[in-house]
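Those letters in the sequence shown? Residues 2 to 190, per the working numbering, in order.
Everything labelled a hint here was simulated from the structure, so no lab data went into it. By construction, the Cβ of each residue, glycine as well, lies at the ideal position given by its N, Cα and C atoms. Take the hints with a grain of salt, since some may be wrong.
[To be verified] What follows is a set of in silico ranges between Cβ atoms, one per label pair, in the way DEER data are often shown:
| hint | residue 1 | residue 2 | range |
| --- | --- | --- | --- |
| 1 | Asp-55 | Ala-105 | 34 to 40 Å |
| 2 | Asn-54 | Trp-183 | 37 to 43 Å |
| 3 | Pro-141 | Arg-47 | 29 to 35 Å |
| 4 | Ser-151 | Val-74 | 15 to 21 Å |
| 5 | Gly-184 | Ala-99 | 33 to 39 Å |
| 6 | Gly-45 | Ser-172 | 31 to 37 Å |
[To be verified] In silico lysine to any residue, SDA-like type, Cα no more than 25 Å apart, as pairs:
| hint | residue 1 | residue 2 |
| --- | --- | --- |
| 7 | Lys-152 | Glu-170 |
| 8 | Lys-152 | Trp-168 |
| 9 | Lys-152 | Arg-44 |
| 10 | Lys-152 | Phe-133 |
| 11 | Lys-152 | Ala-163 |
| 12 | Lys-152 | Thr-91 |
| 13 | Lys-152 | Val-173 |
| 14 | Lys-152 | Ser-172 |
| 15 | Lys-152 | Gln-138 |
| 16 | Lys-152 | Asn-106 |
| 17 | Lys-152 | Phe-119 |
| 18 | Lys-152 | Ser-21 |
| 19 | Lys-152 | Val-185 |
| 20 | Lys-152 | Ala-105 |
| 21 | Lys-152 | Val-117 |
| 22 | Lys-152 | Ala-186 |
| 23 | Lys-152 | Phe-116 |
| 24 | Lys-152 | Gly-86 |
| 25 | Lys-152 | Ala-101 |
| 26 | Lys-152 | Arg-104 |
| 27 | Lys-152 | Arg-63 |
| 28 | Lys-152 | Val-43 |
| 29 | Lys-152 | Arg-93 |
| 30 | Lys-152 | Ile-182 |
| 31 | Lys-152 | Trp-72 |
| 32 | Lys-152 | Leu-139 |
| 33 | Lys-152 | Arg-181 |
| 34 | Lys-152 | Gly-184 |
| 35 | Lys-152 | Ala-70 |
| 36 | Lys-152 | Arg-114 |
| 37 | Lys-152 | Ala-177 |
| 38 | Lys-152 | Asp-174 |
| 39 | Lys-152 | Arg-87 |
| 40 | Lys-152 | Val-118 |
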Amino acid sequence: MVQTFWLVVAALQTQGACMSLLRLDPGSPLTVLPTGWTVRAVRGQRAPDVAVNDSSGDRFVRFSGAGRAAWFVYELEAPLASAGGRLSWTWRVPVAPAGADMRANGTDDSALRVFVVFAPAGRFERPPRTLFYSVGQLEPLTFERVSSASKNLHVFRVAPTAASPAWSETSVDPSADYARIWGVAAETS
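Kindly generate the complete structure, drawing on both the sequences and the hints.
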């Protein structure tokens, strides 16, 4: 079965200003990837198929493929202040991996994961700390844990805000989550 997810909007709200990370303007041409984004296949995996689609004037990015994995990456040009802000996105997962459950290593899978990587500029003494917002299915709504892959990776369950397969909206505060998890302000510079 092919897993699919659709992403329509991603924005970062910082100190009253909103930065659009995913621009899908109706007048722009349909392209494989929106400006500023790259796709990097996960080692040993084929990247999902990626397309910008238009439905009645509404645009979205569609990813699909079974047994595939990739990073859909947008790198900020300048680091954010440690005060951070809210990261919001609108998404839809019409078909999710069957039996996926983040509580067990053998079934830890998701159709959509949003990573926020805190990589201090020019400092490489340790792997960057990363927050991993993952669309869940079977876990409790407030599920979160340290990843089995690294103590520098923390996993949070993201729940749909509407009945599947309707569009859902998610808004998180990565800097606040970082401070709560690691007990210090987010390292961004």
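Subject >> Unsatisfied constraints (hint numbers, rising) >> reply: 7, 8, 11, 12, 18, 27, 29
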